[in-house]
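There are 2 protein chains.
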Amino acid sequence: MYRILDILKEEKGYLSGEAIGKRLEISRAAVWKGIQRLRKEGYEIEAVTNKGYRLTAYDTMYNQRELETGLRTQKMGRPLYFYPETDTTNHRIRELALEGAPEGTLAVAEKQTAGRGRLGRHWEAPAGTGIWMSLLLRPNIVPAEASVLTLLAGIALTEAVQDVTGLSPAIKWPNDILLNGKKLAGILTEMDCEMSQVHFIVSGMGINVNTAEFPEELRDIATSLYLESGRTFSRRQLLQRVLECFEGLYHEFLQAGSFSPFLERYRAKCLNLGKEVRVIGRETFLATALDITPSGELVVKRQDTGKEEIIFSGEVSIRGEEQRI
Amino acid sequence: MYRILDILKEEKGYLSGEAIGKRLEISRAAVWKGIQRLRKEGYEIEAVTNKGYRLTAYDTMYNQRELETGLRTQKMGRPLYFYPETDTTNHRIRELALEGAPEGTLAVAEKQTAGRGRLGRHWEAPAGTGIWMSLLLRPNIVPAEASVLTLLAGIALTEAVQDVTGLSPAIKWPNDILLNGKKLAGILTEMDCEMSQVHFIVSGMGINVNTAEFPEELRDIATSLYLESGRTFSRRQLLQRVLECFEGLYHEFLQAGSFSPFLERYRAKCLNLGKEVRVIGRETFLATALDITPSGELVVKRQDTGKEEIIFSGEVSIRGEEQRI
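Heads up: the sequence lines are chains A and U, in that order. In terms of our numbering, the first sequence has 82 at position 82, counting the first letter as 1, and numbering is strictly consecutive. In terms of our numbering, the second sequence has 203 at position 203, counting the first letter as 1, and numbering is strictly consecutive.
The following block holds chain A by itself, in its conformation from the complex (with noise of 0.2 Å):
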């Protein structure tokens, strides 16, 4: 039935039944067959007397075999597991990851019903709007430099929306994606170790696409892609792009060794930087970003002693919005 679907690819305007069975060698009645099928996996495939067949609304599926059309990754989203409904693509990942799956293993879902961002915060993530999908990394690595994955997740996410929609979003340290000041996109990493040894390293990415609406208590602070441009987009090139930018800064940081080559590109995105932020950990202070150091943690000034301070990842927070985002 692929193979119909192929030709409704290549063709703008409508097929007939027999017209495909001719290319194909095969009866109208198959073709009628293969049509239903592909009706049944989520393709829209229009019907008219005397025209024939046409695949509409095509650049809006989201599947598992549309998802690997085209993607131009060595390893990343190969395989690719493609989930209507799941609890989190993170947790997918971890049992994947646990079985032995290799390293660029992709868990995508339609919908997540449990969808959490850090410190276990519920992520709004219903069907058809956004992108929820975990990557499962394997890098010889040492538990301490994982947190850097984040940051060149942070830079696959901005650059991939930049080359796909032309619109710039900017990365709230560590693992916001900010749009015009409220929050496209967020990433989370999740790990297992041993002290001097990562095992594997989940990397869950969720981005707001072509959400329309957000419920009440998020409208203030989350946007998707279609809010801020008034389009919809693909969200199947989307996803590829972010997979090939991440492949590309990922293979170049275990090359290099550490996150210093991404310092200035992270720098030019991150807008902590200058602004006054609220440090929540053990203690909670007011500081101002100053900088990101080449392991990737934040260095801030504190407003009370004057000292400067390393962050990793603990709680920050931009004044103002500590209480929501």
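Watch out, some of these pointers could steer you wrong.
As the list makes no split between identical chains, a pair holds if one copy fits it or if it spans any two.
[Said to hold, decoys possible] Using 25 Å as the maximum straight-line C-alpha spacing, the simulated SDA-like pairs for lysine to any residue come out as follows: (1) Lys-307 to Val-142; (2) Lys-301 to Glu-145; (3) Lys-307 to Pro-294; (4) Lys-301 to Gly-257; (5) Lys-111 to Val-279; (6) Lys-301 to Ala-144; (7) Lys-307 to Thr-293.
Just so you know, the hints here were simulated from the structure itself, not pulled from any lab data. Everything numeric in this text was worked out from a predicted model, so none of it was measured.
For this one, chain A is given, so just place chain U on it according to the hints.
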């Protein structure tokens, strides 16, 4: 049947089936059935005509009930799961943790079929001779603090061994316990976390207690309490003492929020300090181990550059043993 066991435990000599039956108000046949069931659980009960029953080799009993009996802890070892044979107790605890098991949950195996040391190395763990166990911890700490738990477990192991046997093992930073220069016990700390929060930690410990003989290739580098002292020891008693010692240290660590209170004790037991070590990581170099930092890292002075460096939980071997241990 455990009421029969309790009576046999109290009595040093022999007790007739009739006497036991009278005390419990059950028939002699019921006593006999209970004895059979206890034997099936591994209790060695001698039966002598005209004398009665006697519990023998009670000190070597090692099962869930006996390990729980007399355990003086609040949390550690509660609940306790006993496995006659399993791949590794760390695996069991990870599974239990993902199902929501509480802090303090303990897995004990009579035999591990896939025992591992750090970095996936094989650890010989046959039945009947040692303690192979893993403890579930859920501390509210950031991942960078987790390696301290390896050091705390090291202190607990050495202190428990000293309390129970009078022998004084030493610690080879970060995770080996040595007696007379040979490996007596090891610690494997594993962690599941996101970048700013630990989900859970598995503290795996292995102790060679009554091992009479090691395979050829381990003979020069491994030892047991029995081999060093000529005496056998109760694994039950030692296991319980380790849990008690660890519980105290862990509580103190969480209260203090740092490893500082333990530094002196650790330094006193750490045999690397002042010695030449080979640091094996991205780079391999010779150095002199100078000190332990308040966060549990090793301070060394490189022989090539003369500079001081801080070693996280990389690979550190005492020179001459680096191929084996």
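Do the hints match the structure? See the list:
In this assembly of identical chains, the alpha carbons of Lys-307 and Val-142 lie at most 25 Å apart only when taken from different copies (22 Å versus 29 Å within one copy). In this assembly of identical chains, Lys-301 and Glu-145 lie within 25 Å of each other by CA distance both inside one copy and across copies; the values are 23 Å within and 23 Å between. Taking the shortest Cα distances, Lys-307 and Pro-294 sit within 25 Å of each other both inside one copy (20 Å) and across copies (21 Å). Taking the shortest Cα distances, Lys-301 and Gly-257 sit within 25 Å of each other only across copies (23 Å), while inside one copy they are farther apart (28 Å).
Neither within a single protomer nor between protomers do Lys-111 and Val-279 lie at most 25 Å apart by alpha-carbon distance, with minima of 33 Å and 48 Å respectively. Taking CA atoms no more than 25 Å apart as the test, Lys-301 paired with Ala-144 passes in both settings, with 23 Å inside one copy and 22 Å between copies. For the homomeric pair Lys-307 and Thr-293, the shortest alpha-carbon distances inside one copy (16 Å) and between copies (22 Å) are both at most 25 Å.
Of the hints listed earlier, the one the structure fails to meet is number 5.
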